[in-house]
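S.K.: Assemble the complex: chain A is given as a structure, and chain B must be docked to it using the hints.
There are 2 protein chains.
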Amino acid sequence: MNIVVVGTIAFDDVVTDHGTVNDTPGGSALYFSAAASMFVPVNVVGVLGDDFPVDILEFLRGRGVNTNCLDIVEGGKTFRWGGEYETDMNIRKTTNLELNVFNDFNPVLDEECRKSKYVFLGNITPELQLEVLRQVESPEFVVADTIEVYIQNDREALLKVLDKVNMLMINDEEARLLTGEHNVITASKALMRFGLDYVIVKKGEHGSILVSKDDLFIFPAYPIDEVIDPTGAGDTYGGAAMGYIARANSIDIETIKSAAVYGGIVASYTVQDFSIDRMKTLTIDDIDKRLEIFRNITSF
Amino acid sequence: MNIVVVGTIAFDDVVTDHGTVNDTPGGSALYFSAAASMFVPVNVVGVLGDDFPVDILEFLRGRGVNTNCLDIVEGGKTFRWGGEYETDMNIRKTTNLELNVFNDFNPVLDEECRKSKYVFLGNITPELQLEVLRQVESPEFVVADTIEVYIQNDREALLKVLDKVNMLMINDEEARLLTGEHNVITASKALMRFGLDYVIVKKGEHGSILVSKDDLFIFPAYPIDEVIDPTGAGDTYGGAAMGYIARANSIDIETIKSAAVYGGIVASYTVQDFSIDRMKTLTIDDIDKRLEIFRNITSF
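Just so you know, the sequences run in chain order A and B.
For the first sequence, my numbering assigns the number 1 to the initial residue and increments by one for each residue that follows.
For the second sequence, my numbering assigns the number 1001 to the initial residue and increments by one for each residue that follows.
Hints listed in this document are in silico derivations from the structure and should not be mistaken for laboratory results.
Certain hints may be false.
Stated by the list, open to error - Computed footprint of chain A on chain B, listed as stretches where at least three residues anywhere in the stretch have a Cβ under 8 Å from a Cβ of chain A: (1) 1176-1189; (2) 1200-1210; (3) 1219-1232; (4) 1255-1269; (5) 1290-1299.
Said to hold, decoys possible - When the alpha-carbon atoms are kept at most 25 Å apart in a straight line, the in silico PhoX-like pairs for lysine-lysine are as follows: (6) K1160(B) x K1213(B); (7) K77(A) x K93(A); (8) K117(A) x K160(A); (9) K189(A) x K164(A); (10) K1213(B) x K1257(B); (11) K1093(B) x K1077(B); (12) K257(A) x K1257(B); (13) K257(A) x K213(A); (14) K1164(B) x K1115(B); (15) K1213(B) x K289(A); (16) K189(A) x K213(A); (17) K1164(B) x K1213(B); (18) K1160(B) x K1189(B); (19) K213(A) x K160(A); (20) K1117(B) x K1164(B); (21) K289(A) x K1189(B); (22) K257(A) x K1289(B); (23) K1289(B) x K1257(B); (24) K1289(B) x K213(A); (25) K289(A) x K1257(B); (26) K189(A) x K1289(B).
Where is the CB? At the ideal position from N, CA and C, for every residue including glycine.
Pulled out of the complex, with its shape left as it was, chain A reads as follows (with noise of 0.2 Å):
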């Protein structure tokens, strides 16, 4: 079944330890369309300007991503942004934030975005959030991102679309700041209470943590020796899940898991290089190489 993402399409400057890339593409919704694409076919909706380089967009093409939900605004500059990540990855601060052609974004999906059965509200504003879910004909499946900046300055048109989705995306610090948990166990299962049926609440290199109204699932990332850039994980991760999810078609936790599974294996791809350079030659075969590696390491 086909997946319809919207969410950022973006340059980036990223410093990590091992180097620094400036205008690199990136963005939540180039992610998530790169990893997904490898599962079913995707929608991806967005805004970029004519800067944005060509080749990538045939990438995504090529990987069957329809991308006639574009907003390719002429003369336009693409959104950017900056980070900065500490030795412990799992830090970073952002350095510059230039909206650009997302100042004006106005999403408008074409009939195959709109007949999309699983939705993924990447982390753009919740607004646009509910405004592409409007648009969606029959959703069967709504998930949904966010980020810590509408959590604290937009939560009330978050709480709208936490209502209307099915599960959450999110990192172990907005899990805390959504609930006021400090206790990650605890926010994670406090997280249901806005009437969602699943959560995923991702801990980057200490794995992640699902909850349902019945089942709490909890495991490992794959280890990865040496991280060169974490920009994007959580987006594969959720592009991987959404994406296996969608081919399976179904909805239930054996499901779920598994997705989450191979979400956090794809992610450890992701960060093994910058922008999205290991997605473009990561096959399935490497994926399902991992995942047996990972059930070694982690069953007794």
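M.R.: The following block gives chain B in isolation, referenced to the frame of chain A:
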């Protein structure tokens, strides 16, 4: 098979978000013995003043712990540690440290202690760890713990200890400090270069990493909604793991894996109360109950 453990017997003054306790029985050897004695007979080596509560020693004896190698100094004051935990319980600061009788500690093992096959060198000075090990007649499996202060100030002696032990059990910060590697996976593997057969790196609420020459095993911590006091979690982890291995009386990767899982589960009970209070009432049934839940929430 019998275990011999050396470590501190202490009074702890602890502050956490859940309360403050003073003069509460603690120390690595006490926590370790309380946990390990659920599995096999334990011989405990250490020093304390006659200000230490007799009922705690009686509790240990009731659990089959040989306390004859405890040096009870008449008129002496027991070692004292004070600590304060942040809301993020992975972070604590030492607010007080009084060596007291520990200043002149000269461990002497009786025949029963000397004949132990399983040796646990708890976090005391590397010199004392070596002295205890020297007195054990024919150790079959030796495990050591250590802490930051010895890694920083007594590295040479510590490396001599590592050269003589089979397994090291430390936390992630200590692993980073000892190896100079920031990435915890890299650090865990790098510890093997000190001549160890096995390494267990404990990440608190984020679980553990077990490394051997050929294997890597990663597993989460048992999820706890409300952590009352993390003091002694690592020591009861070590106690239960060592107890499990000594009871199995076999040294192979599968036994060590299961031992580490048992360690994590017993530690999850420890943190739900102050001091060794939860250890006093804990049963093997309790442990097996959480083991069953743990299997369910971690398998996919």
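S.K.: Taking the hints in turn, state whether each one holds.
M.R.: Comparing the hints with the structure gives:
no.: 1; hint: 1176-1189; result: holds (count 6)
no.: 2; hint: 1200-1210; result: holds (count 5)
no.: 3; hint: 1219-1232; result: holds (count 7)
no.: 4; hint: 1255-1269; result: holds (count 3)
no.: 5; hint: 1290-1299; result: holds (count 3)
no.: 6; hint: K1160(B) x K1213(B); result: holds (20 Å)
no.: 7; hint: K77(A) x K93(A); result: holds (23 Å)
no.: 8; hint: K117(A) x K160(A); result: holds (20 Å)
no.: 9; hint: K189(A) x K164(A); result: holds (18 Å)
no.: 10; hint: K1213(B) x K1257(B); result: holds (14 Å)
no.: 11; hint: K1093(B) x K1077(B); result: holds (23 Å)
no.: 12; hint: K257(A) x K1257(B); result: holds (23 Å)
no.: 13; hint: K257(A) x K213(A); result: holds (14 Å)
no.: 14; hint: K1164(B) x K1115(B); result: holds (17 Å)
no.: 15; hint: K1213(B) x K289(A); result: holds (21 Å)
no.: 16; hint: K189(A) x K213(A); result: holds (9 Å)
no.: 17; hint: K1164(B) x K1213(B); result: holds (17 Å)
no.: 18; hint: K1160(B) x K1189(B); result: holds (19 Å)
no.: 19; hint: K213(A) x K160(A); result: holds (20 Å)
no.: 20; hint: K1117(B) x K1164(B); result: holds (14 Å)
no.: 21; hint: K289(A) x K1189(B); result: holds (21 Å)
no.: 22; hint: K257(A) x K1289(B); result: holds (22 Å)
no.: 23; hint: K1289(B) x K1257(B); result: holds (18 Å)
no.: 24; hint: K1289(B) x K213(A); result: holds (21 Å)
no.: 25; hint: K289(A) x K1257(B); result: holds (23 Å)
no.: 26; hint: K189(A) x K1289(B); result: holds (21 Å)
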